[in-house]
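K.L.:
Using the sequences and the hints given, assemble the complete structure.
Listed below, chain by chain, are the residues.
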Amino acid sequence: MRVTFVLFLCLSMFSNPLHGQYEENSLRYGLGYWQNHFANPGATANAKYVLKTYNRKKILHLKKGTPAVVPINRMLTGQIAFHYDPFSHVFLHNSYGIQNRRLGKKNRFRGLGGLLGFSKSFLPEVYKVDNALNVSDPGISGNWYLHAGYALELGKSFKRNTNNAFVVGFQNLFLIGYNSGVTPFLNLSFTYEFSPNKKEP
Amino acid sequence: MKLIINFPCVLFLAVVICFSSCEQDDPLNTEDILYVERNGAQTAAQIFGNVSSKNFLLILHGGPGGSGITYRTGAMINRIERDYAVVYYDQRGQGMSQGHLNKENLTTEEIAKDIDALIAVIRHKYGSTSQIFLLGHSWGGYLGSYYLLDEARQENIKAWIEVDGAHDFPLMFAEQKTLYDSIANQQISRGNNTAYWEEILDKIAEIDTEDLSEEDIQYLNGEAYIAEGILLRDDVLDIPSIDLNLLKYQYIDYNILTAFSTGQYANDILTDQGLLESSLTEELHKIKIPTLLLWGSYDLVVPPALGESALENLGSEIKSLVFFERSGHSPMYYEELEYVNTLKDFLETHK
Chain A
13 MRVTFVLFLC
23 LSMFSNPLHG
33 QYEENSLRYG
43 LGYWQNHFAN
53 PGATANAKYV
63 LKTYNRKKIL
73 HLKKGTPAVV
83 PINRMLTGQI
93 AFHYDPFSHV
103 FLHNSYGIQN
113 RRLGKKNRFR
123 GLGGLLGFSK
133 SFLPEVYKVD
143 NALNVSDPGI
153 SGNWYLHAGY
163 ALELGKSFKR
173 NTNNAFVVGF
183 QNLFLIGYNS
193 GVTPFLNLSF
203 TYEFSPNKKE
213 P
Chain B
905 MKLIINFPCV
915 LFLAVVICFS
925 SCEQDDPLNT
935 EDILYVERNG
945 AQTAAQIFGN
955 VSSKNFLLIL
965 HGGPGGSGIT
975 YRTGAMINRI
985 ERDYAVVYYD
995 QRGQGMSQGH
1005 LNKENLTTEE
1015 IAKDIDALIA
1025 VIRHKYGSTS
1035 QIFLLGHSWG
1045 GYLGSYYLLD
1055 EARQENIKAW
1065 IEVDGAHDFP
1075 LMFAEQKTLY
1085 DSIANQQISR
1095 GNNTAYWEEI
1105 LDKIAEIDTE
1115 DLSEEDIQYL
1125 NGEAYIAEGI
1135 LLRDDVLDIP
1145 SIDLNLLKYQ
1155 YIDYNILTAF
1165 STGQYANDIL
1175 TDQGLLESSL
1185 TEELHKIKIP
1195 TLLLWGSYDL
1205 VVPPALGESA
1215 LENLGSEIKS
1225 LVFFERSGHS
1235 PMYYEELEYV
1245 NTLKDFLETH
1255 K
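Which chain is which? The protein sequence lines are A and B, in order. Counting in our numbering, the first sequence runs without a single skipped number right up to 213 at its last residue. Counting in our numbering, the second sequence runs without a single skipped number right up to 1255 at its last residue.
These are calculated hints, taken from the structure and not from any lab test. Don't take every hint at face value.
[What the hints assert, rightly or not] Below 30 Å or equal to it, Euclidean Cα-Cα: the simulated BS3-like pairs (lysine-lysine) are:
{"hint": "1", "chain 1": "B", "residue 1": "K1007", "chain 2": "A", "residue 2": "K132"}
{"hint": "2", "chain 1": "A", "residue 1": "K132", "chain 2": "B", "residue 2": "K1062"}
{"hint": "3", "chain 1": "B", "residue 1": "K1007", "chain 2": "A", "residue 2": "K140"}
{"hint": "4", "chain 1": "A", "residue 1": "K132", "chain 2": "B", "residue 2": "K1017"}
{"hint": "5", "chain 1": "A", "residue 1": "K140", "chain 2": "B", "residue 2": "K958"}
{"hint": "6", "chain 1": "B", "residue 1": "K1223", "chain 2": "A", "residue 2": "K140"}
{"hint": "7", "chain 1": "B", "residue 1": "K958", "chain 2": "A", "residue 2": "K132"}
[Claimed, not checked] Listed next, with one range per pair, are the computed distances between beta-carbon atoms:
{"hint": "8", "chain 1": "A", "residue 1": "N184", "chain 2": "B", "residue 2": "H1004", "range": "45 to 55 Å"}
{"hint": "9", "chain 1": "B", "residue 1": "Y1129", "chain 2": "A", "residue 2": "P208", "range": "49 to 59 Å"}
{"hint": "10", "chain 1": "B", "residue 1": "I1146", "chain 2": "A", "residue 2": "Y45", "range": "29 to 39 Å"}
{"hint": "11", "chain 1": "B", "residue 1": "F1164", "chain 2": "A", "residue 2": "P150", "range": "20 to 30 Å"}
{"hint": "12", "chain 1": "B", "residue 1": "F1164", "chain 2": "A", "residue 2": "L145", "range": "56 to 66 Å"}
{"hint": "13", "chain 1": "A", "residue 1": "G116", "chain 2": "B", "residue 2": "T1098", "range": "52 to 62 Å"}
{"hint": "14", "chain 1": "B", "residue 1": "H1189", "chain 2": "A", "residue 2": "N146", "range": "48 to 58 Å"}
{"hint": "15", "chain 1": "B", "residue 1": "E1055", "chain 2": "A", "residue 2": "P150", "range": "30 to 40 Å"}
Beta carbons are placed, not taken as given, at the ideal position from N, Cα and C, and that holds for glycine.
P.N.:
Encoded structure:
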């Protein structure tokens, strides 16, 4: 946990303020609301580091004779999020991954990426019982799980400041080793994304 | 950047608020969630109702792979929780229970040991004089019977309620065929969905209960729920009331996707351990505590003949069998009020 948290902080700190939005080596941050299984509320913070920017020609337009160029950003993502189930537990998720963000018209964009990371559950009021049925005082306990998953996002940058955007995200995480198998977690996020980079004149 | 720096503080505050809001102090209307940790699992128990009564109804859910809270109907809240505390328990590897489990620590005996641990925790938290009534539905009926075969464990339990319990799988499969046959002929004679029931008769005739294949078992169980739906439409069974409480607990308060997914794995592991060949009938005479058997007359999943067999074989001096004439496998939903009233009368008599 400590190592991944330090990695997350490092990712958050090493930004390159020389370039504008979506320039290579630039960094973007996101903060927002996170929801697990459409019911359990939480929060998320993420950082996205633009590894590479490239253009892809749209085949459909080529056929019509009007080739269109779609700018794509490949980003390294780091995310920390939590949600709590009011009845039972808190989950903390820490994920890293690669995401391709495809920029569209009218400042809109959509992204698709893969994630790997860790989840930690915190269970309240846990009584540990030994073989002789001695009961401990209640405490907090929980489990570590590895997770893998994918993320989809839709976003729109603001007109006046294209550095900032509103992003709706969907993540499907698969917690590995949860009880006796794998369990899916469906998560929705609504984040405000911003960049510390100053807009170039 | 300030927001990012403050994020851990916000997270910490949210966790504190969450944990501090999980418990309600009113002993007449308690809403507690606690976990019992032993041998690789933290099993979840949601406790609702009147804990000051010191009488706890501990519910063992069905499946394997079900979850406790699905039994919290409006009638349970209004008629039982007012006078008793009800423990909606998620067995290890199921519901909202968590842990790291495998074939070695996900067994019927381990779940039975979890029940011992849960009872110890209830008495630790709510007082050593707390009395436990055990109720098991379907697979929970098998589990409860298995648990009570140990006479030392019977000392922990005030009385036992088995609801459509699968304590004898070979008998269950044999009786499923007999009951399909009987209900199909009854419905054909009444002119209800004759094409469907004739098809059932044809398929059932091909099944040899002495040599059941996996497909046969899947058919007998899977078709039972479809047949219940047909009986419901033909007004043979009572229509379960749309219970807003149940919907809220199942779909809003509860991680139904997690519970369903994790329950499937638990079901596979437990059934792979020879569960479907297991019969407890020959040992039921060891159970001596007061027992109430509740059965749906049209239960094609665990036929009423198992209730009759349990009544005959139980060692209890006080035992009775009640049929719900317009119910299938889950009378707590089909005939909710009658079920809860019968249950409450029994609890009142034996508390």
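K.L.:
Can you list which hints this structure breaks, lowest number first?
P.N.:
2, 6, 7, 8, 12 and 14
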